Amino acid sequence: AQSVTQPDIHITVSEGASLELRCNYSYGATPYLFWYVQSPGQGLQLLLKYFSGDTLVQGIKGFEAEFKRSQSSFNLRKPSVHWSDAAEYFCAVGARNTDKLIFGTGTRLQVFP
Amino acid sequence: GAVVSQHPSWVICKSGTSVKIECRSLDFQATTMFWYRQFPKQSLMLMATSNEGSKATYEQGVEKDKFLINHASLTLSTLTVTSAHPEDSSFYICSATPSWGSLAFFGQGTRLTVV
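From first to last, the protein sequence lines stand for chains P and E.
Using the numbering used here, the letters of the first sequence map in sequence onto residues -9 to 103.
Using the numbering used here, the letters of the second sequence map in sequence onto residues 2 to 116.
If you're looking for bench data, these hints aren't it; they were derived computationally from the structure.
Just to be clear, a hint being listed does not mean it is correct.
To be verified - Heads up, simulated PhoX-like pairs for lysine-lysine below, C-alpha to C-alpha not over 25 angstroms straight-line:
| # | chain 1 | residue 1 | chain 2 | residue 2 |
| --- | --- | --- | --- | --- |
| 1 | E | K15 | E | K65 |
| 2 | P | K39 | P | K90 |
| 3 | E | K21 | E | K42 |
| 4 | E | K21 | E | K67 |
| 5 | P | K90 | E | K21 |
| 6 | P | K51 | P | K39 |
| 7 | E | K56 | E | K42 |
| 8 | E | K67 | P | K39 |
| 9 | E | K56 | E | K21 |
| 10 | E | K42 | E | K67 |
| 11 | P | K39 | P | K58 |
| 12 | E | K15 | E | K56 |
| 13 | E | K42 | P | K90 |
| 14 | E | K42 | P | K51 |
| 15 | P | K58 | P | K90 |
| 16 | P | K90 | E | K15 |
| 17 | E | K21 | E | K65 |
| 18 | P | K51 | E | K15 |
| 19 | E | K15 | P | K39 |
All values derive from a computational prediction rather than experimental measurement.
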């Protein structure tokens, strides 16, 4: 079955610390992979995506993610977190020939000053 | 980038009434739009795929007679929650993909509260 797992429901970090949010997927074919961020009561903003090519992808706001096929993972990283990064982060997977996305359960990030 | 707009942003309705939510692609045409539902502190779950000029495709467990979807033009899809009940209270989000791309753009969402 197709699924996305985000093992960490809630993560708290200090401002300036590094961050890694985990994402594992189960998918029958080569997937499109996405990370979205959602502020409270808001829609989704795309941080970055992986379709093919270089497995380390750069996104907006200083985020990056690495696709590791052998581990079925697509973890999101940021070297230094800012207080404004506090939000809910969703990993998602889609097929190459459709735009229907399967979302993980999300990771809520709290940032302390 | 492409912009998708939802209206209204929030709505409160009485139990038993119907509510219509609009999803518009403002600067591109989209033959397909998707409707998701997000319960508090949970992830987004795909409800249905809205196809311009044809019937929507519903995910398993989603009542098509309760959640009516109309995709009458290449820039507009509507979701009508019929005979709403408190358990329908949720955050509804749509997405649309430009015909020139393969990346979905999301609306800002509509928070529905049924009292």
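**Message:** Of the numbered hints stated earlier in the document, which are not met by this structure?
**Reply:** 7, 8, 12, 16, 18 and 19
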